[in-house]
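Enquirer: Residue numbers (this note's numbering), protein chains in the order written: chain D, 1 to 341; chain W, 1001 to 1409.
Hints should not be assumed to be uniformly reliable.
[To be verified] Just a sample of chain D residues kept apart from chain W, beta carbon distances all over 10 Å, derived:
#1 Pro12
#2 Phe18
#3 Phe20
#4 Cys47
#5 Lys74
#6 Asp83
#7 Asn110
#8 Leu134
#9 Asn144
#10 Phe265
[Claimed, not checked] Beyond 12 Å from chain W on every Cβ pair, some chain D residues (computed):
#11 Leu15
#12 Leu25
#13 Leu41
#14 Val44
#15 Thr100
#16 Ser107
#17 Leu196
#18 Val224
#19 Val316
[What the hints assert, rightly or not] Computed list of lysine-lysine pairs in DSSO-like fashion (alpha-carbon distance at most 30 Å, straight line):
#20 Lys1145(W) to Lys65(D)
#21 Lys74(D) to Lys1202(W)
#22 Lys53(D) to Lys1359(W)
#23 Lys1223(W) to Lys53(D)
#24 Lys74(D) to Lys1303(W)
#25 Lys70(D) to Lys1067(W)
#26 Lys1202(W) to Lys1145(W)
#27 Lys1223(W) to Lys99(D)
#28 Lys1359(W) to Lys90(D)
#29 Lys1223(W) to Lys1164(W)
It is worth saying that the hints were derived from the structure and are not from the lab. Don't be surprised by glycine CBs; every beta carbon is placed ideally from N, CA and C.
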Amino acid sequence: MKHKTFFWFFLPTALAMFLFIALPLTSIVSQSLHTPHDQVLIVVESCDPFGCKSETTIDHQASQKINEEKPQGKWVGFQIYTDRNHLAFKEVGEFWESKTSFIDFVSSLNDLPFYRAMGFTLTYTFVVTPLVILFGFIIAIAVNSLHRHLKGFMVFFSLLPMIVTPLVGSLILFWMIDARGIIGSGLQELFADPTLSLKASTGLTWITLIVYGVWHSAPFAFIVFYAGLQTVPQETIEAAMIDGATRFQQTIHVIVPHLSPLVAFVALIQLMDNFRVFEPIVGFSASAHATSLSWIIWNDIGQEIRLLSSAATTSVLTIIGVIILLMPVLIRTWREFNPEK
Amino acid sequence: MFLRKIATVVALTTLASSAWAGCGISEGRVSIVGNEFPAIQTIGAGAMECAGGGVTVETNLTADHQKINLPGMTGNPAEFTSAIVANSSIVALMNNDVIRPLNDLVAKHGQGLQKSQLVTIDGNIMGIAFMANAQHLTYRSDVLKDLGIPVPSTYEEMLAAAKKIANYNLMQYPIGGAYAAGWNLAEEFVNMYMGYGGEFFKPGTAEIAVNNQHGVDSLNMMKALSEYMNPDFLTHDSNATSAEWKAGNVALMNMWGSRIGALKGDEVDAAVVAATATAGPMTVGGGTTAASTLWWDGFTVAKNISDTDAEATFMAMMHAIRPAMLNETTSPQAVWLIDGYEPTPAAAGVFAAAAMGTKPYPMLPYAGLMHSAAGAELVDFMQGKETAEQALAGLEAAYTTAATEKGYL
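So here's chain D without its partners, still in its complex pose:
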């Protein structure tokens, strides 16, 4: 494609990306470096159905004046980034000084919201991503070997978990795994433990969320690999068969190498998606056991307290996290497409 043709072809996308991604990002970064001004508080007489008393409230006239002078808020630099509810440099330093062992240090990090969220987010990302690739591949191989009359139906059936809205899917499962729900009481029967509850223990909650994540995302990997399987050259397969390769050997030595660029693609998308895990935590009411960076952002702005600077900071940290995660995959892809001459 000529450079000029490419430019005009790409222009609408670039414009949309600039308007809806780049500009909001600048605003988020700026927000994360500012906080609201110091509140001007006054004590006034306040009355309600339960009587009158002196109550502290915000002096709006005084606050408005300050806000009009400096509408951006108070410049605080990286103060929000380093405070206790984010990277918590001071607290982490103290934990490191007073640690009795490395395990003790790691477990004390669990008290800090950011590291607590990272603990679950990273576990989730690094368990779900490989499992999604593995199961997606197995399903793709299995469906591909079916009789052609069955294929269409099975493709549709296998895609169902992805079609269900995440929040709805997790809510349905939430009720099914309840101690009084069909899966929950089934498991109690199976393990002969009437007190077994998937919602009450952190470990089981994590497993539930991970199983849900694999269930929900495997169809995505499946459909990508299934498309890839249609392009496997028959000559190579036949050559392998003549050489006496078993079906398993054909899969490992012919099909897997052929699909490896797709594995990189699926890994890229899944790392990004899983790092932003959010809906299942809300759907499963799991915030007592598992939080994620996205959940922290939602919790900061989803309530009446509206900690905008805090939410902006967590957003920037999420973006940095995604970039770090994707770096190895991106570097590898770049090398593949730019072989050294």
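With chain D's structure known, arrange chain W on it following the hints.
Expert: This is chain W only, laid out in the frame that chain D set:
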């Protein structure tokens, strides 16, 4: 839960509706956001009666109202012309200066109001309260009678009663509690801490002070109660706890007055309905202050709307809370602060709470930050992963960080 029934009713302008003439509004836009429990549904339906002619009325009643009311009132013109709020949630709207003083509208159209209904801050009427609410004891009279247990008046008695019920194998988990991580768990902590006589902040400042003996006692009591609750208690909000009650699984719980009527719904087993009884809130630790908080629910009018819309909104809401709206269906739904309201048996708990001198939920600008921090920081203690002191220190640190960011410290 998160996706609860969202009742969004849009009334399109229809000419010559017989009802709107009764509201006396000629033109304007009314858009109401609020919670979704039965009493608020009644208010929303009442305001809808004013639709017609040049008047449009919309209501958006949802459990997530606190997440959307502030964003929906910040714009100019505001999407919502009125938010139905409680004493905690009006603070967020006042903090952000999105609701208007109602003094002129009250003078013009508020003849039927009683003085106690006016929520006044520094002489400005910021809201009109129409109902009162409180959490109080709800118990199964049949279960307590069978075992000869007197109705608990303290949390210690509640524990003893639960132990007895569990020992007799009547119920596996006799206590119900809305202890879901987040707002609900924090609310129960606030209740308990007030019952022990604690103060949340150092007097006259926004500095938090909960890491003390009262705080430790409160947490230990909550932990002791949770031993008799369904092990999934950290996922149970008021809806889930009500469902446990309706299913006959629990015999004792601290529940909102506004939800008692719904516990006696048609779908519930007749034996459970007949035995559902209420009493006042309990005290704790030998204290005399109830371990509960008093709440009012009322309406506000947005600042960033035209005076015409504000007047229409005020008049539509006044129509919704007119004394004539009280009847056999609506009276048991709440403790109405409306003139001519006769208490029903369902209101006994809230009246007992008021009579005991239960304290109102604090209307401080930074109380919400404390509540939010508590909802996230106390869960590890409830799961036995932290000591009470560690959890309270975490709560204080999380609050202090957030309050510093917001400019209160």
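Enquirer: Would you mind marking each hint as holding or not holding in the structure?
Expert: Hint-by-hint comparison with the structure:
1. Listed as a non-interface residue, Pro12(D) keeps its Cβ farther than 10 Å from every Cβ of chain W; the least gap is roughly 29 Å.
2. Listed as a non-interface residue, Phe18(D) keeps its Cβ farther than 10 Å from every Cβ of chain W; the least gap is roughly 25 Å.
3. For Phe20(D), the condition that its CB be more than 10 Å from all CB atoms of chain W holds, with the nearest at approximately 19 Å.
4. Taking the minimum C-beta to C-beta distance to chain W, about 4 Å, the non-interface status of Cys47(D) is violated against the 10 Å cut.
5. Some Cβ of chain W comes within 10 Å of the Cβ of Lys74(D); the nearest lies about 7 Å off, and the non-interface call is violated.
6. Its beta-carbon lying about 5 Å from the closest one in chain W, Asp83(D) breaks the requirement of being farther than 10 Å from that chain.
7. For Asn110(D), the shortest C-beta to C-beta distance to chain W comes to about 8 Å, within the 10 Å cut-off, and the non-interface label is violated.
8. The beta carbon of Leu134(D) sits about 30 Å from the closest Cβ of chain W, which is more than 10 Å, so the claim that it is off the interface holds.
9. Even its closest Cβ contact with chain W, about 37 Å, leaves Asn144(D) beyond 10 Å, as expected for a residue assigned away from the interface.
10. Once the 10 Å rule is applied to beta carbons, Phe265(D) is consistent with being away from chain W; the minimum gap is 32 Å.
11. The beta carbon of Leu15(D) is kept farther than 12 Å from every beta carbon of chain W, the shortest such distance being approximately 26 Å.
12. The non-interface label for Leu25(D) is consistent with chain W: the shortest C-beta to C-beta separation is roughly 21 Å, beyond 12 Å.
13. At the 12 Å boundary, the C-beta of Leu41(D) falls inside the reach of chain W, the nearest C-beta of that chain being 7 Å off.
14. Its beta-carbon lying about 4 Å from the closest one in chain W, Val44(D) breaks the requirement of being farther than 12 Å from that chain.
15. With a least beta-carbon separation of about 16 Å from chain W, Thr100(D) lies farther than 12 Å from that chain, consistent with its non-interface assignment.
16. Its closest Cβ contact with chain W, about 9 Å, brings Ser107(D) to no more than 12 Å, contrary to its assignment away from the interface.
17. With a cut of 12 Å on Cβ distances, Leu196(D) falls inside the contact zone with chain W, its closest approach being about 9 Å.
18. With a minimum CB-CB distance of about 30 Å to chain W, Val224(D) clears the 12 Å threshold, and the non-interface call stands.
19. No Cβ of chain W approaches the Cβ of Val316(D) within 12 Å, the least distance being about 15 Å, so the stated non-interface status holds.
20. For the hint pairing Lys1145(W) with Lys65(D), the CA-to-CA distance comes to about 64 Å; that exceeds 30 Å, so the pair is violated.
21. Restraint check for Lys74(D) and Lys1202(W): satisfied, since their Cα atoms lie roughly 26 Å apart, inside the 30 Å limit.
22. Under the criterion of a C-alpha separation no larger than 30 Å, the hint pairing Lys53(D) with Lys1359(W) is consistent with the structure, at around 12 Å.
23. At most 30 Å may separate the alpha-carbon atoms for a hinted pair to count; Lys1223(W) and Lys53(D) exceed this at roughly 34 Å.
24. Only pairs whose Cα atoms come within 30 Å are accepted, and Lys74(D) paired with Lys1303(W) is accepted, the gap being roughly 26 Å.
25. Of the pairs offered as hints, the one joining Lys70(D) and Lys1067(W) holds, with about 27 Å between alpha carbons and a cut-off of 30 Å not exceeded.
26. Distance check on the hinted pair: Lys1202(W) and Lys1145(W) sit about 45 Å apart at the alpha-carbon level, beyond 30 Å; violated.
27. Simply put, Lys1223(W) and Lys99(D) have alpha-carbon atoms about 28 Å apart, close enough for the 30 Å limit, and the pair holds.
28. Taking the CA atoms of Lys1359(W) and Lys90(D), the gap is near 38 Å; set against the 30 Å cutoff, the hint is violated.
29. As the CA atoms of Lys1223(W) and Lys1164(W) are separated by approximately 18 Å, the hinted pair is consistent with the 30 Å bound.
The structure does not agree with the numbered hints 4, 5, 6, 7, 13, 14, 16, 17, 20, 23, 26 and 28 stated previously, though it agrees with the rest.
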